[in-house]
Amino acid sequence: METSDQNAAVDALKDPEAFSVIIDRYRYQLSRYIQRLGAFDSDTTKDLLQESFIKVYLNLNDYKPSLSFSSWIYRITHNEVMMHFRYMRNRAQAFASEDALTLFESIPDELDIAVESDARLRSMHIAKALQRLKPEYREILVLRFFEGKSYDEISDILEMAPGTVATYIARGKMALGKVLQEMNITSV
Amino acid sequence: MDDFSKDVISEIRDRGITPRPFWYFLLRKWVFWTFAILSIFVGAIALSVADYVFFDNEGVSPAVLIESPLESIFQGAPIVWLILFALFVAGAYLSLKKTQTVYRFKTVKTVGVVAGITVLLGLGLMASDFGHAIYYYLTHDTSLFEAVRQTSDDIVLPF
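Chains R and C, in that order, give the protein sequences. Each residue of the first sequence is one higher than the last, beginning at 1 in the numbering used here. Each residue of the second sequence is one higher than the last, beginning at 1001 in the numbering used here.
Extracted from the complex, chain R is given alone in its bound form:
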């Protein structure tokens, strides 16, 4: 039977080796999330992922069951990536073509955009369009439509009111549609 996140956190407090359960459980989704936020190369992604897990370990006693563990770990990862952006003084780098292919392959219907059907090109275009958005719109669209987080989860991750999340999602969708039109990708 799989250990719950809470129990895994308790075990990790007693024995650092037990922290590997949490690492293995969240490693791939957080790696994808980091890349979707900033289109980093694989080395930078790995470094950021490692630092995020170290921060998670450092702050294990701050975790409270009233918050979902997933939202909490995403929050720490998000803050780590934002700190990296501020340190590097840039928001995005160009996507390597291979990276984009898996990151934005499927476009959720709720995003309300009509992009070409070729998966390879679609991923590239969505990736480029997202990188042209303001950071606050990009991070919310990534969390909602590509990480599949609910409004409450996004509220906990970004520490903003659910109403504000809804507003940013609406504005983000409009902004993304506009960027795609400017890029002559969609007829929306």
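It should be emphasised that the hints constitute simulated quantities derived from the structure, not laboratory data. Mixed in with the good hints there might be a few duds.
Unchecked claim - Negatives, chain C to chain R, calculated, CB over 12 angstroms:
1) Phe1004
2) Asp1007
3) Val1108
4) Gly1116
As the list claims (entries may be wrong) - Here are the computed distance ranges between Cβ atoms for each label pair:
5) R:Ala170 <-> C:Tyr1136: 22 to 32 angstroms
6) R:Phe85 <-> C:Ala1133: 25 to 35 angstroms
7) C:Tyr1136 <-> R:Glu136: 41 to 51 angstroms
8) C:Gly1116 <-> R:Leu121: 46 to 56 angstroms
9) C:Arg1104 <-> R:Lys178: 42 to 52 angstroms
For every residue, glycine included, the Cβ atom is placed at its ideal position computed from N, Cα and C.
Chain R is fixed; fit chain C onto it per the hints.
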């Protein structure tokens, strides 16, 4: 455990990282709450002093207020105290944002509630003439305040 997990745990051991103790987070939470409460209290004091300065001391008589309201309010307004009130409301809001659940409420609501509590507390202090006592202490027992007190008098409207 795969290589990445091993690398992370190895890094944790190499850097000598241990989880921060529970009391560290409890203390941090209480520091923010204490600062928020203090900010509300100081904001209320600022408001009660502003009330005294405007209405009871260098304030304006009702007749003058009616005749030239803008000029009266601007020259009599205890600008410094009102700025302090706003600053401490902002300070309380920023402290509360760091706590566990306040971020779930919209900014306008949170600031409104904080300002409302500060005003209510300020009204209570006004009723007990606390503003007068503070103002008297600052003008008679401290020399630093004298320069600041000139601010309201020096402001002149362009019309």
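Consistency of the hints with the structure:
1. Phe1004: The claim breaks: C:Phe1004 does not keep its Cβ more than 12 angstroms from every Cβ of chain R (closest is about 6 angstroms).
2. Asp1007: 7 angstroms, violated
3. Val1108: 10 angstroms, violated
4. Gly1116: Holds, since 18 angstroms exceeds 12 angstroms.
5. R:Ala170 <-> C:Tyr1136: 22 to 32 angstroms: 54 angstroms, violated
6. R:Phe85 <-> C:Ala1133: 25 to 35 angstroms: 50 angstroms, violated
7. C:Tyr1136 <-> R:Glu136: 41 to 51 angstroms: This hint holds: roughly 49 angstroms between Cβ atoms.
8. C:Gly1116 <-> R:Leu121: 46 to 56 angstroms: 54 angstroms, holds
9. C:Arg1104 <-> R:Lys178: 42 to 52 angstroms: 30 angstroms, violated
Hint violations for this structure: numbers 1, 2, 3, 5, 6, 9, all remaining hints satisfied.
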